[in-house]
Amino acid sequence: MQRNLFSYIWRHSRREQIVILGLVVLAQIFYFLSLSVPKSIVNNGISGNAFKDAPTVQMLSITIPVPRFIGRDIHLFDGFTADQLTYLVIMSFVFLGAVIINGQFRKSINTQKGRMGERMLRRLRYELYDRILRFPAAHFRKVKQAELATMIKDEVEPLGGFIGDAFVQPMFLGGQALTAIVFILMQNWILSLVVIVLLAVQMMIVPRLRKPVLVLGRQRQLSARLLAGRIAETADGVNEIHIHGSSNYERADISERLGHIFRIRFELYNKKFVAKFWNNILSQATPFAIYLLGGYFAITGKMDVGAVVGVLLAYKDLPGPIKELIDWDQQRQDVQIKYEQVIDQFQPEGMMPPELQTMPDGPPPPLGHELVLAGVTVTEDGRVKQLDAVSLVVPTDAKIAVIGASSSGKDVLGQVLARLVLPNGGSIKIDGKDFLQLPEYLLGSRLGYIGQETYLFPQSVRDNLLFGLKHRPISPAKYEGDVAAARELFWLEAARSGNPALDPNADWIDYELAGATGPADLLPCMVHALQQVELDDDIYSLGLRGAIDAALRPDLAEKILKARHTLHERLKDQKNAGLIETFDADKYNKNLSVAENLLFGTSVGTDFDGDNLAANPYVQTVLLKTGLDKDLLSMGLSIAETMVELFSGLSPDNPLFEQYSFISADELPNVRLLLQRLGGKGVEAVPPSDQARLMTLPLRYIEARHRLGLIDGAMEDRLLAARRAFAENLPANLRGSVEFYDFDQYNSAATLLDNILFGRVVYGQAQSESRIRALLTDVLAELHLRDSVIEVGLEYNVGVAGRRLPATQRQKLGIARALIKRPQFLIVNEAVAVFDGRTQDRMRDNILAAADGRGVVWIASRPGQSEPFKRIVVMQSGKVVEQGSPEELAAKGKVYAELMSSA
Amino acid sequence: MNLNEEVELLKGVPIFAKIEPAKLKLLAFTSERMNFAVGQELCHQGDPGDAMYVILGGVADILIDSSAGQIRVAELKRNDFVGEISVLCDVPRTATVMAREQLNTLKISRDTLYRMCEEVPQMAIEMMRELAHRLEDTNKKLQAATRAAA
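First to last, the sequence lines map onto chains A and B.
Following the working numbering, the residues of the first sequence are numbered contiguously, the last one being 903.
Following the working numbering, the residues of the second sequence are numbered contiguously, the last one being 1150.
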């Protein structure tokens, strides 16, 4: 990238710049017209100056007024005769026309400038991002991600505004200033020399005054970038801060930084206003000189008064453009500095050449048969040798284990084989070709790598699982009609900004790589990969807790309904009786809370969600109408009495409060006072201000769980009546806020699990959860729904960096991501260390079975893991010290024997 | 069965006999009612344990694994409690407890038990007394067994 912003802008936007310049020149004609017409309207149309001698005049002779020092006015059209009124009307419309055309020009120019600026900004941002993708891996250990983001997002932003004016502004202003100077020159050369000298002084001194402002501006930019990096650090290390109780040290640090930024910014204000002050003084120095010298010349008769006035008049047009030119120059330096500071951060040593990231135009070729490492050396910052002249032959279809102590360099070897670390010396050849020059897509599709930690993108499990299959668009996305045309324009615009016309909506999944033929049979491949890493059960559980929209997946909703029916058939069996209390519109459900019984459906949105239910005006009218408000109040009173009785003696910080009490420890004394005031007088005596609070208490009450005996048969009937009243009179605007339970309807608001159960697992039955679970698994397996449930689970969003999954599941998903593309050559770099001992060995056997007939390099976290391998490489201090079959090594390998005995 | 009836039942359990009713009610409220069908296990020998059970109705067998299979060493009936060893000492379950007939229990989790003991020291003392009785009983049996062996 050019270090000079101007050559960068010129190179990518010269055509647009020239067009805009032409438009600016053309616009001047109409600008002058819109200035000259009002004069004619006032003088001739209204005052009637031209009609003093004759009733009619020749009008609409179009004249372009040219400043007198350039030449004569240009007559374009001789016009026609008109009386005064006609003249006024016509000239007024001419004025209107000129104003409109002038406005159109202005609009067009500004739009074009803006578009050009935005295009350049887009191009610049894209190029910077493109560079991030080609940074050497080691560079990411030095830069902070938040700083990169700030640079691309914020720091290049002002450039967009400047680019539109980069060439047009100086030309235009320069032209204006030059004509004014020429005119002054024509009046008196001595005076004009003085003016020119003073202007030159001004143009020399003002930028110099502004120099410190620019320096401070640079500091401000850097300090803001560091602040962004620091804030990101706090977010990343927030657990450390809490665990070590060091939040105040962090506060000290941030306060120090903010103080530093304050100093820079305040200094900036100071310097800015000092520069402004001198700028004003200097710009007044020229009229001062004209008055003094011109006056002197006039008095001494060396120059006539008219000429002095002429100079002054010409000078009137000069300070404006000059000041703007100086401002423009200031802005230019400012953005140039910003640009340089950003660019410098984006050219680290050892960037990957763009050719390595070309996009393939067909299926990737095979990798090759044999990797030959010769004298490969890796040093960290030129100091410690992590790999020391390693020479090794690795057939890409062999299964090899690499063992060694933790600092033996075995993990670095794994990274070198995956090209994550580039050697500082030596060579790696694959079938005689330079391994380091292979295109990335070839490695991406033929070579698998699993490291100790897995990064997951904040997308669905499915997106993460298929991430390694997306090397090129396999089939384009289909667009029709207007959308297709809009997409064409979109790509055209992308090309204009030097962005690639690639479509993320296209189907990028390389089905062949996964062993599928298309979208239809991809699911079994995904399930198989999940099974290989023993993640299928977890994703299945996620699927049960996921929801689908019956409108989008009618087939699946239908099948889930079938599962519901089958399950409930099974529940009729004697041995399963009483596990679930089914949702029955005509029965009070003792295992649901009072609120859930009233709603008798799944809440959608927030209207009826949790505590909102009691506050909802419609719910309140229903309660009032059915008289249930009194019932709830007396239940609330009863609960309050029980809570006061149970929890009064407890210390307020006892966790039992939070776990079991309906009333918080803070509120309990108030409730006790209220009860004392009531003195057993009952519901009628409760003051209205306390009614709402008491009424909400029973909403969370579950008869089967809390066992306070509040809901008898009569109360059940009244609650059922309220349930019916609620459903029958539900206003149209709230219809969408609840999806009622209906045995024959799929409930899109509820999870798959709740849809199948269609009831609540009862409280107080031993092992009811696990028994239901087993029953459910049976039913789903019988109906061949297990894969479909997994498919729903695959839509689960894994959260930022996959944190919504436990670490072991993240790692399993990372392994599955590598396995699903069935790599020809797989490097497993201590990737199972996160699992417990037995799981480690099982995972190893699963991975080896998955890679049957293909190559695996297994960097073992424990030497014992090398047990099933026929070839073992032993490393020590960055060197390969022994290699061979286990038998050979057992016979003569000293380091091998040591490692194996310690395992 | 609601809370008040449970409290009446708990009053009959020796370790809870001297505890004031309000605290018993709190214990019942913070504990879970759990029913077991015939053949279901309350706990399994060797598993980690996090709760103790008070038998409110029904009979259960205490079974211990041996080389000859499970042998029944004792039975539990109404007002007995079981499972306290795992909860107090944080060791795996020392025996399997299986419902012989429909069993009705109160399941007290470790956290609840600890917190109740903090709030109601009387309960801790009563439990100590009961455990001491059991120890004495075991000692007697041990002596008898040693004598028989000698």
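Hints in this document: simulated from the structure, not taken from any laboratory.
Do not rely on the hints blindly, as some may be mistaken.
Below are the BS3-like pairs computed for lysine-lysine, each with C-alpha atoms no more than 27 Å apart in a straight line [what the hints assert, rightly or not]:
id, chain 1, residue 1, chain 2, residue 2
1, B, K1077, A, K575
2, A, K470, A, K433
3, A, K590, B, K1023
4, A, K590, B, K1025
5, A, K271, A, K323
6, B, K1107, A, K575
7, B, K1140, A, K590
8, B, K1107, A, K681
9, A, K681, B, K1077
10, A, K302, A, K272
11, A, K323, A, K385
Simulated DEER-style distance windows between Cβ atoms [claimed, not checked]:
id, chain 1, residue 1, chain 2, residue 2, range
12, A, S689, B, P1021, 26 to 36 Å
13, B, R1134, A, A252, 40 to 50 Å
14, A, S770, B, R1134, 24 to 34 Å
15, A, N612, B, R1134, 46 to 56 Å
16, B, P1021, A, G627, 29 to 39 Å
17, B, K1077, A, A807, 45 to 55 Å
18, B, D1047, A, G362, 54 to 64 Å
Backbone N, C-alpha and C fix where the C-beta goes; we use that ideal spot for every residue, glycine too.
Going through the hints against the structure:
1. B/K1077 to A/K575: Holds: B/K1077 and A/K575 sit about 24 Å apart, inside 27 Å.
2. A/K470 to A/K433: 25 Å, holds
3. A/K590 to B/K1023: Distance ~26 Å between A/K590 and B/K1023 Cα, so the pair holds.
4. A/K590 to B/K1025: 21 Å, holds
5. A/K271 to A/K323: 18 Å, holds
6. B/K1107 to A/K575: 23 Å, holds
7. B/K1140 to A/K590: Since the Cα atoms of B/K1140 and A/K590 sit roughly 49 Å apart, the hinted pair is violated (cutoff 27 Å).
8. B/K1107 to A/K681: Status violated; Cα separation ~37 Å.
9. A/K681 to B/K1077: 43 Å, violated
10. A/K302 to A/K272: Distance of about 42 Å is beyond 27 Å: violated.
11. A/K323 to A/K385: 60 Å, violated
12. A/S689 to B/P1021: 26 to 36 Å: Cβ of A/S689 to Cβ of B/P1021: about 33 Å, so the range 26 to 36 Å holds.
13. B/R1134 to A/A252: 40 to 50 Å: 59 Å, violated
14. A/S770 to B/R1134: 24 to 34 Å: Since A/S770 and B/R1134 have Cβ atoms about 31 Å apart, the given range 24 to 34 Å holds.
15. A/N612 to B/R1134: 46 to 56 Å: Given range 46 to 56 Å: holds, Cβ gap about 53 Å.
16. B/P1021 to A/G627: 29 to 39 Å: 34 Å, holds
17. B/K1077 to A/A807: 45 to 55 Å: 47 Å, holds
18. B/D1047 to A/G362: 54 to 64 Å: 58 Å, holds
Violated hints, listed in ascending order, are 7, 8, 9, 10, 11, 13; each of the other numbered hints is respected by the structure.
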